[in-house]
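Those protein sequence lines, which keep their order, are chains S and E.
Mapping of the first sequence onto the UniProt record's numbering: position 167 corresponds to residue 167, and the numbering continues sequentially without gaps.
Mapping of the second sequence onto the UniProt record's numbering: position 16 corresponds to residue 16, and the numbering continues sequentially without gaps.
No lab work stands behind these hints, which were simulated from the structure alone.
Keep in mind that the hints are not guaranteed to be accurate.
Note that the list lumps identical chains together, so a pair holds whenever it fits in one copy or between two copies.
The list that follows gives simulated cross-link-like pairs (lysine to aspartate or glutamate, DMTMM-like), each with its CA atoms no further than 20 Å apart [claimed, not checked]:
no., residue 1, residue 2
1, 110, 41
2, 110, 36
3, 66, 183
4, 78, 41
5, 56, 152
6, 66, 28
7, 110, 193
8, 56, 184
9, 56, 197
10, 78, 197
11, 110, 46
Number of protein chains: 2
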Amino acid sequence: MSDMTSAADAPRSPGRPRSSRADEAIVEATLDLLAEGSTIEALTIEAIAARAGVGKATIYRRWPGKDALLLDALRRLKGVLPNPAGHSVRDDLVLLVGAVGHNIDPRAAKIMPCLVPEVNRSPDHFRLYQNIIAPRRQLMREVLRRGVRLGELRADLDIEVAMALLTGPMLMQRMLRWHPELDDVLLPDRIVDGVLDGIRAR
Amino acid sequence: MSDMTSAADAPRSPGRPRSSRADEAIVEATLDLLAEGSTIEALTIEAIAARAGVGKATIYRRWPGKDALLLDALRRLKGVLPNPAGHSVRDDLVLLVGAVGHNIDPRAAKIMPCLVPEVNRSPDHFRLYQNIIAPRRQLMREVLRRGVRLGELRADLDIEVAMALLTGPMLMQRMLRWHPELDDVLLPDRIVDGVLDGIRAR
């Protein structure tokens with residue numbers, strides 16, 4: 001079992017080593033328990049070990065504690081960071097807005113909305129959650145700053161409000177299907193163009 | 001107990017009749033069970049009756065079934081509809097955006113985010129949920145249409161996208177405290193002005 005600590009970083013293959021399968025089982029068990037409604041408080045290493053069919057020691061050999069395991073498990077839901085091309089601010093924003101609330105794992109739709117209010121009650125959990133979304137948020141902030149610098153966006157831009165205007169509608173739609181009228185493959189384009197142009201008559 | 005069916009419509013007073021207290025207890029039990037993580041599926045008239053300390057017949061004398069009781073209980077979380085003054089489109093939008101995600105009951109922060117994904121899996125529950133938010137959404141749609149008619153908003157306004165741009169950021173902030181940088185009493189003003197003016201340089 002000495003290869004346990006690095007196995008999760010190895011490329012996947014149908015014949016991957018037994019230890020990597022244990023890592024997978026542990027992350028899967030964590031996500032399954034959360035998707036079934038477990039709170040972070042109620043989620044214990046014991047419960048995860050039992051669900052994954054491994055011993056607690058197997059988990060502690062790979063992760064220092066519950067928060068580190070949670071961070072890995074929740075990152076797994078999101079997939080890799082998007083990579084803006086850097087040519088057009090509009091196109092980069094469409095790419096980043098399209099990635100908002102997009103999860104490669106269907107359990108995310110159950111886990112994320114329920115998790116966030118809970119996360120906001122605990123400073124530790126809030127930091128954990130910020131660790132997951134901060135890199136994505138920073139990508140968008142940089143695109144907006146570039147737009148201001150290059151004169152494509154208003155010089156007096158309220159960056160934080162602009163981020164909320166771009167991400168809020170997409171997240172509501174992806175997580176909550178808030179406006180059924182808006183289920184549309186072009187939604188990221190419509191949101192970005194709406195935020196760019198504003199709604200006031202000129 | 002024959003006054004049971006109309007008691008919930010009577011004005012509240014410290015000396016309200018016993019039957020009204022039973023109605024209160026039933027609605028409170030429903031909200032408590034949801035706030036504790038009960039799914040709509042798992043929420044039964046039996047469970048509500050047990051929690052409220054009443055018989056099932058007491059519930060059925062007041063509500064035809066679980067969905068009608070749920071509708072009353074969830075409406076209770078929201079409070080009364082806002083009432084736009086109709087003078088300035090901007091001011092009306094600030095009022096309506098300020099009411100988005102505002103609940104008079106703190107249990108809403110736990111109930112609403114977790115409920116909506118579930119609601120979206122069942123057409124019956126989706127209708128129930130639309131019954132709760134449709135009147136609020138319609139208020140905003142009418143303000144936007146008035147703005148277009150009076151020439152304050154663009155003639156080619158995409159009304160549904162505009163509604164998403166106005167409500168999405170506020171709802172994310174209220175429900176999920178999405179952008180900690182935006183905790184601010186002026187947030188409705190900042191959102192409305194951002195959506196009115198857009199972010200593109202001119």
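Against the structure, the hints:
| no. | hint | verdict |
| --- | --- | --- |
| 1 | 110 with 41 | both (17 Å within a copy, 15 Å between copies) |
| 2 | 110 with 36 | both (8 Å within a copy, 16 Å between copies) |
| 3 | 66 with 183 | neither (37 Å within a copy, 29 Å between copies) |
| 4 | 78 with 41 | neither (22 Å within a copy, 28 Å between copies) |
| 5 | 56 with 152 | neither (54 Å within a copy, 63 Å between copies) |
| 6 | 66 with 28 | within (14 Å within a copy, 35 Å between copies) |
| 7 | 110 with 193 | neither (30 Å within a copy, 33 Å between copies) |
| 8 | 56 with 184 | neither (45 Å within a copy, 44 Å between copies) |
| 9 | 56 with 197 | neither (55 Å within a copy, 56 Å between copies) |
| 10 | 78 with 197 | neither (30 Å within a copy, 32 Å between copies) |
| 11 | 110 with 46 | neither (22 Å within a copy, 26 Å between copies) |
In summary, the structure is inconsistent with hints 3, 4, 5, 7, 8, 9, 10 and 11 from the numbered list given earlier, while agreeing with the others.
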